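Now for the letters of each chain:
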Amino acid sequence: MRRTMLTFLVGVLLLCMPAAAQTVDEVISKNIQAHGGPDKLKAVRSMRLSGRMTLGQGLEAPITIEVKRPMQLRMEFTFQGMTAVQAYDGAMGWQIMPFMGKEDPEPLSADDLKEVREQADLEGPLMEYKAKGHQVELMGKETVEGTECYKLKLTRKEGDVSFIFLEADSWLEIRMTARRMVRGNELEIETSLGDYKEVQGLILPHVTEFGRKGSPQKQKISIDKIELNVALDDARFKMPEVKPAGPKPAGTSPPAVF
Amino acid sequence: MTSHLRLRAIVWLAAASVVLTLSAAAQSVKITSEMLEGISARPLGPAAMSGRIAAIDAYAGDRLTIYVGSASGGVWKSANGGITFKPVFDKQTQSIGAVAIDPSNPETVWVGTGESWVRNSVSVGTGVYKTTDGGDNWQALGLVDTEHISRILVHPRDSKTVYVCALGHLWNSNAERGVFRTTDGGQKWEKVLFVNEDTGCSDIAMDPQEPKILYAGMWQARRRPWTFTSGGPGSGLYKSTDGGATWRPVRKGIAVGDLGRIAIAVASSRPNVVYAVVEAKKTALYRSDDLGENWTEINSSGNIQSRPFYFATLAVDPKDFNRVYKPGFMLTVSDDGGKTFSGISIGDAATGPGVHSDHHAIWINPKNTNHLIEGTDGGVYISYDRGSRWRLVGTLPVSQFYHVSYDMDQPYNVYGGLQDNGTWMGPSQHTGGISSRHWRTVGFGDGFWALVDPQDQDLVYVEWQGGKLQRVRRSTLETKNIYPFARQGEPELRFNWNTPIHLSPTQTGALYIGAQYLFRSRDRGESWERVSPDLTTNDPQKLKQEESGGLTTDNSTAENHCTIFAISASPKNASVIWAGTDDGNLQVTRDTGKTWTNMVKGVPGLPPSTWVSSVEAGHFDEGTAYATFDGHTLGDMKTYVYRTRDFGQTWQSLATADVKGYAHVIRQDMVNPTLLFLGTEFGLFVSFDDGANWAQFTGGLPPVAVRDLAIHPREADLIIATHGRGIYVVDDVTPLRKLTPAVIESEVAFLEGQPSVLRIPAGEQRFDGDAEYTAYSPEGDASLNYYLKKRHMFGDLRIDILDAKGAVMYSAPGNRRRGLNRFDWPMRLKPPKAPPATELGGDLFSLIGPLIPEGTYTVRMTKGKDTYTTQVKLVADPRSKHTAEDRTLARQTALKLYQMIERLTFVAESLVDLRDKANARAGQLPKGDPLKARLETFVANLEKLRKTLVSTHEGGGISGEIRLREKILSLYGMVNGYEGRPTQSQLERMTVLEKDLQGASSQFDGVTSSELAGVNSVLEKKKLEPLKLMTLEEWRKKGEKK
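Respectively, the protein sequence lines represent chains A and B.
Going by my numbering, the first sequence opens with residue 1, and the numbers climb by one from there.
Going by my numbering, the second sequence opens with residue 259, and the numbers climb by one from there.
It is worth saying that the hints were derived from the structure and are not from the lab.
As the structure is a prediction and not an experimental result, all values here were calculated from the model.
A portion of the hints provided could be inaccurate.
To be verified - Stretch-level coverage of chain A by chain B, calculated; a stretch enters the list once three of its residues show a Cβ under 8 Å from a Cβ in chain B:
| # | stretch |
| --- | --- |
| 1 | 91 to 101 |
| 2 | 119 to 129 |
| 3 | 154 to 160 |
| 4 | 195 to 201 |
| 5 | 231 to 239 |
Claimed, not checked - Only pairs whose alpha carbons sit at most 30 Å apart, straight line, appear in this in silico DSSO-like list of lysine-lysine:
| # | chain 1 | residue 1 | chain 2 | residue 2 |
| --- | --- | --- | --- | --- |
| 6 | B | K1190 | B | K1154 |
| 7 | B | K1205 | A | K218 |
| 8 | A | K151 | B | K1047 |
Idealized CB from N, CA, C, for every residue including glycine.
Given the sequences, and given the hints that come with them, work out the whole structure.
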């Protein structure tokens, strides 16, 4: 009897003890597993996300994001029927900002390119981070928005540092804090993620909310649809040639979304 | 009992306690800080006057990096030479004594908490902290009991060797004080210089060329609530020549008798020159030319002698050993090695008012010694001309409020008095943000209470130190002194430094002020009626403010004692008034002041003479009251908070282990009797069960001293006066009122807030740059509040707003955090769908949807497979000057134009669709085919029509091309941006544009109907797909699909 009781007590005590220390690679492996596993992630060659971006005060813009291996990205959003584009073809980044009457593409500055390039990594920075030249450090646990998280410090190959918070039960990202050096100044962007849903075996977030750290103004992107392995021509990611001056041929590029 | 049996019993007891604990945990979910963080306090600033600065250090690298240690508002860092600052110490103690950048590695910064400018209102520290990443992460490195740290020195060549000059306890004796040294980066500390438990270190300096040579000023000082003593046998100037291992006093040439506070500075360009200001019977500046061995008195001008306890700091120009700066009441400088000093921080009528008085910190740029940064009682100033002209840093909202109140304007203003910065008022909201220029000063000196006359909002009661009550007319700043005087035969009135005034909640216009007696005025302070005897202990031992100061007399009313400090008249019974005194009496009258009874005897666990920091008569029954007591000025740092339900006969302690810091203020909510707010030296705490449990309110609020709290009765906003971070507002605490145990147990619960105001659309053109602090002001969204038991992780969490027919008007992903969530809904329809063009049309209001009409709407949350609903009420802006009919007309007009934009978009997009299809068919036909030519003409005609619908001019810049799209968008923006009746011209314009739109539409129909049938018949013959016009349904579907 006493023995049983002691066993029970030991059991209770063990339950109360903190979980065995995790190594950073174990945590990352759990995270990748939680997204569907490395094989399923690797099998994704391209992805298109469509949804809506809200900017406060009732401002809204439809948005599509297309990502294709290796490291290609095209993002479009539309105001008043006019579509802006930001893209990266694996080597150079460019954008079209048509709101002031200019539809010509312009190359992105090195600082602006950083953000675009980070997003071009379809499988995220944690997967095979060593091969990508990043460093990841497990900083322990921290409470984020009332929820216990594992805190990872990601130092990208280029030197910029982000903190990634994985919810301790699901191992999925709920917050990322990225610090980017822009013209030698720190710019801190905080992103919250949520509404994880299954898309052909992958578990992917469908809402992201981001803004400058500490700012009450946040932008929200809610994704209505994620398509995997869609056919995306490499040309979509390349900067179009600047058209010669003069009136453009009428409506040759109707917006992909409106 | 045999040991065997005993063991068995222990096992059983242990098991039972585990089971009990588990079941107790299952029974109730405790409300924790994290659960409340979804509702955030927003700062109002201001930074217009800033607050006391205790320490500054900077690093003149490629860019100038500045760290500012504020007296009670944390550490702030600027990476851009002082244009903007960000707080980097918001999870730690907010009172800062010392900041030191490691000269070998500027990413490493040391912070000593606990300010050393130990005035009556000084806060307390919790030891030494270090960051190695420029302020992102901080490590607590001990010396927790030092309470006040004067300076930290980092060895210029060895990052691991650091000296901490710790003053120690101010209000009692303690051992952890003196000079501490670490040689391992702060893991271990060695107390290398200690005199006695009443003497601490007031300043330390190092020879920059020979860092083994150190000088330290040791200071004996003590504060009591009623007196301050600077100086004593413990004070002295010390020198070490072995890196602090041993010290010996150096006194040759320095005044005889007891010494007080000492400041030291070594001339880095010639380190054998050392300067020291030594407080003594005759305070003076001394100079040594032989490494501190022999000293000569060299100057005793006014500013050198000024308030040594407050201004004991000194700096030598790094390039000129004869240039000495002395921060004091003003900043003075000597260019002749200390012989003469002149003032350099005084403004004049030609250039402006100059800098705030009371200077505590100075940094001289070693690369360009014309460049100075200064810390005063009113913030940080920067000079580029050696102090002739100064710029106030406008981005440091470290203002030190004592109290806060509000008026009933729309939006309401807040009012409050500040330590050494007078009394200010400012708006709770302002379009585009609340900036310094929106704040107004309405009082002088040190400000405390400020109350708006309930019958005439133009009149404000303000005061300066020691009960100098004034009535100020806001509009003209006309000021009348209205404080009472002792009458014939009465002893002199004793007013606290922070004298309480109070407006009766039941008798409009009755104003109270507390001296040792309580006074009431019913005529705006023109006359006063005494409504109590002396309510204090009137203890002659505690009436010594005239002797206060020690070596240097310092009687600023800060040590006035045996005075009333807290007043509260019952909102339930006009005869019941509470008064608490600084010497520990808590008195109540139940007959409007005829008789008073001291109820403090019934307060359990309270040491005698403990200062009554606040009393709050209950809002729901006359016998209930809440009180806080603050013993810190007697060296007792515990939290004392109590409640009585029987007029003070018995009291229950409400302090729990979750509350930290000595208590300043308690407020009971006016709607939910069990909702309490408590302000302490270390933050704001909330109880949902009448004080049984507390959670710290950490959403947006650092652990700063909360000195006063007010709840706006109309807006249900909680207004927080912090002593170090200005004013904060928690907008609409209605959801907190509804956070019951049942809510906490539910998976999802909506918590209805105040009705949402459809804010008058407005904007303000501002290009302020970044050098002025601007507080975020809510943009006028509806706040939907809900509680989630767990964080939502998987599947949708969507918020939909439904109209009366159940149709979705708005839809967006909701917030998903554990605990309370606040979701903002802009109360507008989706933006209009405009056709593609080459320029944005109209203005900001063209980009957003029309306002939703007043009324009640259904809110539906979809969370995974479950749905939950509640109602939200939208009401008109109370400031609106328009009739409901006019507002309705505006919205209907906007809606009509909104539909016109979409109609145009349908036309333009079906045109483009048809044009592109026609173009494609033409491409499939061989050259010379007559159909090809016909299609090309058709395309050209369509394009010609398109050019009348939308702007098509490219090339950047301002084309000024106005087509139908731009015309409608522009008119829509005008109507959408004004909530009243559109102008007659606008209404007529709409009719014109409607016709144009119809015209365009029928033109399109014309072009297509005349051509489509013909073209299609030929196409069919050629086995090519005919051209098909997009239907409205197809267009809508395409829009939804995206």
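### Task
Just pull the numbers of the violated hints for me, sorted ascending.
2, 3, 5, 6, 7
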